[in-house]
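For the sequence shown, counting from 1, position 107 maps to 106 in numbering that gives the first Met the number 0; every step adds exactly one.
No lab work stands behind these hints, which were simulated from the structure alone.
Each hint should be verified, as a subset may be incorrect.
Subject to a maximum C-alpha distance of 35 Å in a straight line, what follows is the list of computed DSBU-like cross-link-like pairs (lysine-lysine) [as the list claims (entries may be wrong)]:
no.	residue 1	residue 2
1	Lys212	Lys264
2	Lys323	Lys103
3	Lys286	Lys50
4	Lys120	Lys136
5	Lys73	Lys338
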Amino acid sequence: MKTLCKANILRVSNQTGRCLLAGIFLLCFFLLVQSCKESGSDQAVETISVKPDRVSDYKDVIDHLRIVALSTTKDAYMASLNKVQVYDDYFFFNDNKDILFLFKRNGDLVSTSRRVMGYGKGEYHLCLDYSYNAYSKQIEVLVPGGILFFDCNFHFLRKVTFMDKELKSGYFDFINDLGENHHLLMEMPGSMSGERTRYYIYDSKEEKIIYSKSYSPDCQYITMQRRNISDHDFLAFPCMNYTFYKINLQDYQLTPFVQLDFGEKAWDEGDIGGSTDIDKIRESMLKTKKSLALRTYKSGDMLVSLIKEGPRIENFKTAIINLKTKDVKVLKYDYGTIKIPFMDYYLNGVIYACVPAEKLADYVDESLLDEESKSVFASRSDDSNYYMLEYYLK
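The whole structure should be built from the sequences, with the hints applied where relevant.
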């Protein structure tokens, strides 16, 4: 069971790369406060109390469950997944072989990046991150030194090569789109040598930086999740202080938006004993029974966060938070009749989780399925590809 848990944790964490060698939490928190002051933000941060021990019955939370079988055509099969993105029209995946897969929401394969992997023009051999730009309807692949642009069939369109000194010398592992030609780029966390990691707004039409700013190392400390943007402007860092941010789409400032209060269950500097050794910090985070918010998404007035409370897979929970009412419902991993998989994405009232065929039965309560999904579930086989589970919330 521990091996399975570690494998899932690696899926959540591996792509973040080198961890920031953090100092004590109070120093990090001070830097965060200073960063907010520097940005001119004196806005009060909404605080919501989360008590993970108060678990809800899953039938009081989940209205129904839909199963989408991903295509079983030859090119559609994926290795272990690194990242899952969900859009209004598409599912977009990256597997551990660095291949990108674009599927329609009904599970049909649109295209893969297999034929553009290489060292030639319009090809990549290392994908640092990727995005489907909902504004331009193009696929973007972040590579060392630039961005490759493709249409939805992975026909090469163009490449921009970073010419700004800051971008040429940096190493980035995150791209997200704030407009048709405006992209948020984030550096891979570095060290606590006094340097402050920066984020950049890059204009791919003008091929230059139009904004950059350093942000607090506290925003990038925990390496057990990828940074992500949801709801256009909600930015979730792997924070020690459980604070999540909004990015102003006009002036690109980051401001604290909401903070989760876990009370005595919160992880703090005392849990690492003042250590700055990265391996010891990671080990502490793996073993701790304190609550860690690993992966968080916002959509409308709802916030959903994957919570870790121990080293085993059954120690994971999913917190569903109404930002208006501050009502919190918590799903545990194992209910006996059904298990709740690790959330891969949350959008418009639906929690998404992509699971392999051999695990599908663990995550399904047939009483929650519609007729179409019952048929999909009954026809599963060893030849099946991954399945996308869609948990519609009440």
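key: Broken hints, by number   = none
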